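Number of protein chains: 2
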Amino acid sequence: MFYLIGLGLGDAKDVTVKGLDAIRKSKRVYLEAYTSILTVGKEALEEYYGREVILADRDMVEKDSDELLLDAEKEDVAFLVVGDPLGATTHTDLILRAVEKGIQYNVIHNASIMNAIGCCGLQLYNYGETVSIVFWEENWQPESFYDKILSNREKGMHTLCLLDIKMKEQTIENMMRGRPIYEPPRFLSASQASQQLLTIVEKREKSDTNTADLTPESLVVAVARVGASDQKIVTATLKEMTSVDVGPPLHSLVIPGHMHPLEEKMLELFALNDHVKSLLCTNTS
Amino acid sequence: MFYLIGLGLGDAKDVTVKGLDAIRKSKRVYLEAYTSILTVGKEALEEYYGREVILADRDMVEKDSDELLLDAEKEDVAFLVVGDPLGATTHTDLILRAVEKGIQYNVIHNASIMNAIGCCGLQLYNYGETVSIVFWEENWQPESFYDKILSNREKGMHTLCLLDIKMKEQTIENMMRGRPIYEPPRFLSASQASQQLLTIVEKREKSDTNTADLTPESLVVAVARVGASDQKIVTATLKEMTSVDVGPPLHSLVIPGHMHPLEEKMLELFALNDHVKSLLCTNTS
Chain A
738 MFYLIGLGLG
748 DAKDVTVKGL
758 DAIRKSKRVY
768 LEAYTSILTV
778 GKEALEEYYG
788 REVILADRDM
798 VEKDSDELLL
808 DAEKEDVAFL
818 VVGDPLGATT
828 HTDLILRAVE
838 KGIQYNVIHN
848 ASIMNAIGCC
858 GLQLYNYGET
868 VSIVFWEENW
878 QPESFYDKIL
888 SNREKGMHTL
898 CLLDIKMKEQ
908 TIENMMRGRP
918 IYEPPRFLSA
928 SQASQQLLTI
938 VEKREKSDTN
948 TADLTPESLV
958 VAVARVGASD
968 QKIVTATLKE
978 MTSVDVGPPL
988 HSLVIPGHMH
998 PLEEKMLELF
1008 ALNDHVKSLL
1018 CTNTS
Chain B
738 MFYLIGLGLG
748 DAKDVTVKGL
758 DAIRKSKRVY
768 LEAYTSILTV
778 GKEALEEYYG
788 REVILADRDM
798 VEKDSDELLL
808 DAEKEDVAFL
818 VVGDPLGATT
828 HTDLILRAVE
838 KGIQYNVIHN
848 ASIMNAIGCC
858 GLQLYNYGET
868 VSIVFWEENW
878 QPESFYDKIL
888 SNREKGMHTL
898 CLLDIKMKEQ
908 TIENMMRGRP
918 IYEPPRFLSA
928 SQASQQLLTI
938 VEKREKSDTN
948 TADLTPESLV
958 VAVARVGASD
968 QKIVTATLKE
978 MTSVDVGPPL
988 HSLVIPGHMH
998 PLEEKMLELF
1008 ALNDHVKSLL
1018 CTNTS
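Listed in order, the protein sequences are those of chains A and B. The end of the first sequence is residue 1022 by our numbering, with every number in the run present. The end of the second sequence is residue 1022 by our numbering, with every number in the run present.
By construction, these hints were calculated from the structure, which means they are not laboratory data. Incorrect hints may have been included.
[Unchecked claim] Just a few of them, taken from the derived set where beta-carbon distance is under 7 Å, the chain B residues facing chain A:
id	residue
1	L833
2	R834
3	H846
4	A848
5	G855
6	G858
7	V938
This one's a predicted model, so the numbers in the text were calculated from it and none came from an experiment. For each residue, glycine too, the CB sits at the ideal point set by N, CA and C.
Construct the entire structure; sequences and hints are all you get.
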């Protein structure tokens, strides 16, 4: 059996009991190590599981899956993914390759940011399309995510913005010379993402009269390390958020659409200051 | 501490290790018993946890939360919710009431249909707004969910349709006479939901020329008992799906938007018949 097991939000104990049972009976245990990060190290997982954990990088998952799937038709192999196992295309690809080889598979689901974002108090059913905000570079500053946010807001929907993760990046020079030297991982912070968003808002401000438009005074919500003991949630204006530090990664950003009074009351719990509270109109209770 | 703990997809062992630890150290353990169902009974949970489990119905959660929150500022109380704890408005309401009383709270997240729907192979990031399909009654046959499906499809997005659950319903007579007699729970099946959808499609077919429109030949995906050992996924045309039985509840229905070849290949794994495979255009491999 080939198990795809969600580790949840990143602590060793966020695994489900069912997932832990499967890990402990597996012959080999791989950890997907390139689309997300754990808040604990591989060693902590190994100690907790009592099993060796093999790091699987993108090449192994996308190109050398034969090794990963080896003998999985006759013995148990576990493939661990932070969050839920089916967030990324490459993992359905793994399933398809397993099925082609006649290997049975079993997905053990877990929380991921896609549903745990409920922690900020905005209702999951009221989210529209999820967007990704990437690191802007000198010559590449995509703005398409802003149009998706507007499209959600026009329908009153909230937007979850997933923030860029750069793992195992190579400099162009190292890549061209074929040197396997990688840059340290980088994580787009909620404040950097807010700065990029503010840049777009200020650039477009005068050309548009759409009421769904964001302004520097629009409220946004930063969440950091969701589910961890030091989870942090902050509600602030877009302009303020550009200088809010919510600590170590991972961060996400939420752009509210139309809010129900209960949703506003929840955001108020996380308000940066009284100005933010005054912008949440249920602040009369 | 007031713990809101997600039980995941419904089996006792779908709880996380962190959640299980919190349950076992709590003085009182409540199970939210009106917005979802477990695939195992309360007794099975009690045996597995080694704790008494108190069923909390809507009245207790929405009106008598004092009992629920009693002494939670000085001892641990666990409130268990199938799926993730923050799917429903009433539970953020509980958090707000806890905070008002000066009680600390802790949310232990878990998988819910909102992210586990990734099991059918359509990418989570490509879902638009989630819709609910309710049981049609003789004089109440709302169609607004269809407009939301169209709006998602116009943007190429998939739609997750959550299907109605009727727990603790009273007949009008029993309600008027104040008799606490409740009907057996009812769950909208994927085939019933497809029939309601087909009725709308056939009614509107001639008046519209929108290419996002569904037709009786459009592909839809039924998922049942996601995460359980007898999970079932079926891809069929809308018309076919009206007579497909995917077994016991809970069911959900997915209406695909624009599909990536990998997404089509995943849906093909669950195709009802060769006709369905022929409609998935990557069926050339």
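Quick rundown of the hints versus the structure:
1. L833: holds, 6 Å
2. R834: violated, 11 Å
3. H846: holds, 4 Å
4. A848: holds, 4 Å
5. G855: Holds. Min distance 3 Å.
6. G858: Since the shortest Cβ distance to chain A is 5 Å, the answer is holds.
7. V938: Nearest chain A Cβ about 22 Å off; hint violated.
Hint compliance for this structure: hints 2, 7 are broken, all remaining hints hold.
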